[in-house]
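Asker: Using our numbering, the first residue of the sequence shown is number 286, and each one after it goes up by one.
Hints listed in this document are in silico derivations from the structure and should not be mistaken for laboratory results.
Heads up, a few of these hints could be off.
[Claimed, not checked] Simulated crosslink set (DSS-like; lysine-lysine; CA at most 27 Å straight-line):
id	residue 1	residue 2
1	335	417
2	478	525
3	516	478
4	417	386
5	335	558
6	335	386
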Amino acid sequence: MTITKPQGDVRTTEAGAEGLSASAPVLRGAAPVLAALDLGTNNCRLLIAKPARRGQGCEGFRVIDAFSRIVRLGEGICHTGQLSDAAMSRTVEALRICADKMRRRDVTLARIVATEACRRASNCAPFLERVKEQTDLDIEIISTEEEASLAVAGCVPLLDRRTPYGLVFDIGGGSTEVSFFRLEGERDYDLRKIISIPLGVVTLAEQFGGKHVGPAIYEAMVAEVSPHLEKFEAICSIGKRIQAGEVQMLGTSGTVTTLAGMHLGLPRYDRSKVDGTFLGFDQVNAMTRRLVDLDYAGRAAQPCIGQDRADLVLAGCAILDAICRRWPVGRLRVGDRGVREGILFGLLAQHEATRRRPAHGYHRIALQ
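Using the sequences and the accompanying hints, generate a full structural model.
Answerer: In structure tokens form, the structure reads like this:
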């Protein structure tokens, strides 16, 4: 596979009409086809997009294909420290589908990242070699700081510029990132502080049990998360900003999008209705209490949960509950977006910078 490395840190993958391993250069002036793949502890998610033309939206890109599958790559990792054979096989199969989509869409610029499960697993290196051998995809393991930064970049378009501070959280499968920043001007922001909590829906559910969760176990999960947030508050003094009415909150994760879908009474999940909606803390609390009162089968019967998430949803609610209790903003905005969109914004900026530079402003590195 040929990696084009313009000046800067974004890794981009060239793919000609014959597939990802083709080495044909991207034509100057031609609109690129962009791909962003986020391999998390629980999900494998892909977006393929093109730069938006005037009138096609304010985000800068237009999604032409997408893929999302629960693979549970990090299943059992908190006990073994390793990726299981079954989890790796599930994930490779999902990545094959992603690679095929990227080839068929003639993707020209791509970034493929992995997060907590791959950061933590002692057998990650052979897994990445297997992925390369079977899919021809090169996966980049990113730090917790970059994961949080990409999530913020992907969500910033949803924030209200009239409120000076933003608190964005991303509840993942193996970790939870919380970011605090100040909005500046019409588009910019100053990222003040990021924390990565080594607890996500998969790891917390495995620690406390996900299928049978009563009020006592639920509160124990909340208590497990809370001390991490107290450390962040001690550094950032977010509470004072909240009292002054200067903070808005946004959540990006399967937990908040699931709760939004429930709140809207959707018969099946619909991103167009969920992304950007608001949830009051009272609504979050009511839905959480309802889910705690349900058994596993009852949670699985909820249209926006299903069996894939029924054993994880209360772990996510506990993390969300701890965040809401620590920082009582009163409502949060829901974002069905995050790392992938942040990657796409970076690829767009990198493409524009490359397009404006002379041809000798970058070099290619052929990976065998």
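Asker: Indicate, hint by hint, whether the structure satisfies it.
Answerer: Verification of the hints:
no.: 1; hint: 335 with 417; result: 25 Å, holds
no.: 2; hint: 478 with 525; result: 16 Å, holds
no.: 3; hint: 516 with 478; result: 12 Å, holds
no.: 4; hint: 417 with 386; result: 16 Å, holds
no.: 5; hint: 335 with 558; result: 22 Å, holds
no.: 6; hint: 335 with 386; result: 14 Å, holds
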